[in-house]
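**Q** Given chain A, work out where chain B should sit, using these hints.
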Amino acid sequence: MAIAIGLTIVFGMLRLVNFAHGAFYAIGAYVGLVIVKQLGLPLPVGLIVAPLAVAAFAVLLDRVVLVRFYDKDPTAQILVTFGIALVVEETLRLIFGGTTQTYPLPAALSGSLNLGFTTYPTYRIVFAAGIVLLVVAVWLFIQRTDFGLVVRAGIRDRTMVQLLGGNVRLASTVIFALGAGLAGLVGAGASPIYSVDPNTGFSFLVPSFVVVVIGGLGSFWGAVLGGLLVGELQSVTTIVQPAASDVIIYVAMALVLLVRPSGLLGESEVIRG
Amino acid sequence: MMRDLRFYLLVALGLVAFPFALHLIKGYPGLATQILIVGIAAVGFNLLLGYAGLLSYGQAMFYGVGSYVSLLTVSRFFPAHPNFWLALILAVALVTVMASLIGALTVRLYGIYFALLTLAFAQMFFFIVFQWRDLTHGDDGLQGITAPPLPLGFTSIDLTTALPAANLGPLGNLADIHYWYVFAAIVLLLVLVFVRTLTTSQFGEVLRAIRENEERSTFVGFDPARYKLAAFVIAGALTGLSGALKGLYETSTSVETLNIETSGSFVIYTVLGGVHTLLGPLVGTGLVMYLQNVISGVTDSWRLIEGLVFVAIVIFLPGGLLGPLRDRSAARRRLAATVRTAPPSPTAPTASTGGAP
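Going down the list, the protein sequences come from chains A and B. Here my numbering is used: the first residue of the first sequence is 1, the next is one more, and so on. Here my numbering is used: the first residue of the second sequence is 1001, the next is one more, and so on.
Just so you know, the hints here were simulated from the structure itself, not pulled from any lab data. The structure displayed is predicted, hence computed values, not measured ones.
If you want a taste of the chain B side facing chain A, the calculated C-beta under 8 Å gives, among others:
hint	residue
1	LEU1055
2	ALA1115
3	MET1124
4	ILE1260
5	GLY1264
6	VAL1271
7	SER1301
8	PHE1310
9	VAL1311
Positions of the beta carbon are idealized from the N, C-alpha and C atoms, including for glycine.
Just chain A, same shape as in the assembly:
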C-alpha cells in the first residue's frame, strides 16, 4: 500500500507514469540487505539509509533523464521508466546474483504478539503501524506545509506558480524523490518478511498499479482505500476459491477501469492521462 502511495503521489503530483517505481522498492530492499546482512548493522540503520540512498538515486534520475519526459505523452514516459526498471533489475542481478535472499529480523521483533483475539508476528504489526504513521506524515507534508502548497499549485498552473516565485522544478524533484524514498523504505522494511530477488521490482510494481488504478490514479486516499480493498479481496478469495485469488485482483482492476477509469476516488479530469 505504501508503495502504491509513492506511485500515486508521483503520478498525481507530477503527472508522471512511473514504471520504474518497483525498481526503487528493489533498490531499497538490497540496500537494507547489504547493511543488515553484509555489514552486520541493526535493521533501523538500514531503514534510514535505504530510503535516503533510493531518494538520492531518484534525484539523479530525475535531473538527468526524466526532466526530458515531463512534457511528453504518457507512452514515452512508460517506455523510458520501463527501460530504467530493466537496467536497475539487471544491475542488481549482476551485483547480487539471481538468487532469492532475505535477512534476519532483530530478535526483539521476531516473536509473536498476543492480541487477545489472535496472535500475529510482532514485526508485521510494527511494520503495519509504521506504514500508517508514514501515510499520515506524507499526507500532512503535502497538505499542510508551504512546500506542499507549491507542489499542489504547480499541478494546477505551473507558469503562474513560477511567476509568483515558487520553484516548481525543485518541488517536482523533491516529490519524485519522496515517492522513491517511500518505496525504498518499504523495500528495506518488507524484505525480512518477503525476501528479495532481482525480479522483486516488477513483481511488486504490477500489484501496486492494481492498487493505484482501483483507488484512482493520483488520489492519495484512493491509494489507501485501494490497498485495503485489494488486500481484503485477495484474502477473502483465498478462503473461498484459492485458485482464483491471483486472478481476482486483475478482474477487479479491469472492472474499475471499464466502469470508472479514474478509479474509485480519482478526479475524472485525469482520464485522458
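**A** Same frame as chain A, now just chain B:
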C-alpha cells in the same frame, strides 16, 4: 505499384540472404526461423503502437494463447487427424475473437489507462492458463508435441526436413536451413505485404490522424474507436499467428509465453527497431534475439546492455534505429514533390507580399 514490387523483391532477397548472413556472425541454425516467427508479432504490434499510438502491455496473452491453441489442436482436440493448417487457423481464429472482445473494452481508454487495462487482461489470462492444469499442465507447459507435416494439396512437407546439402563455404551449408525457415519467411512476407497495404491505404492514414490528433479526426467524420479496434484485432491476430507458429516450431510452449516480460519484449523489439516503420520491428527483433543468444554466451550482462540500449534509444532516438532512415527518405520524397509541384518562382513572392498590408 512498381515501387511496391521493388520493395517486396528487396525484402524477399533480404529474407533469402538472412540465414547465411546470420551464419557468418555465428548465429546458430534455427535462430533465423525463431526471429522471423517472433518478428510477425512485432510487425503486428507496431500497427498498434507505431500507427495507432496505442501502447498495449498485454500482447503476450495473444502470443501465449496462440501457442497453446495450436499445440492443443494437434495433441488434444484432433489427435486422430492432426492438421497443420487447422492448428494455425484455430489458433488465429480464437485469438481474433479474444482480441475483438478485449479490444471492444479497451480501445476507448487512453495512454496509461489503456496500457494498464491490457496488462490486467494479460495477467488474467496468465493465471487462467497457469491454473487450468487439465488442459495446460500448469507450469510444466506443453512439451514434445510434434507438428504434423504441412499439407500443400498435391503433397505435404515435413517442415523439419533440411534443404538439400550444398557446401557454401563461409556461408555454411544449405542443409543447415530447414523448410521451417522457408515457410516462416513466406508467411512473414505475406504479413508484410498485408500490413504495408493496410498502412499505405486510407485505413493507415486515418490511424495516423487519430494518433496525431484524435479530436480532429473525429470532427472530420471518422470514428476513432472503430479504427483503433480494427488495429487492435489485427495486431492481436498477427501476434496469435506468431505464437501458433512458435508452438508448432518449438514443439513446446509454457506459461512464460504469457507473462509481462514477453509483453515487454514486444515493446522493446518494436521501439528499438523503430516505431512508424514497417521493417523496424523486424530489425529490432533480429538484433535483440541475436544479441540475446550470442552475447549471452560471452557475458551474462547482455540484458543490462539491452536495457541501456533501450533507454538510450527512447531518449535520443525516439524513432528507433530505422527512424533516421525513414526521416531521410521522407525528406527526399518531400523535396522531390516540392520540386515537381513548385510554382514558377516569380509568383511565390507576389503571393506572400500580396497579403501584407
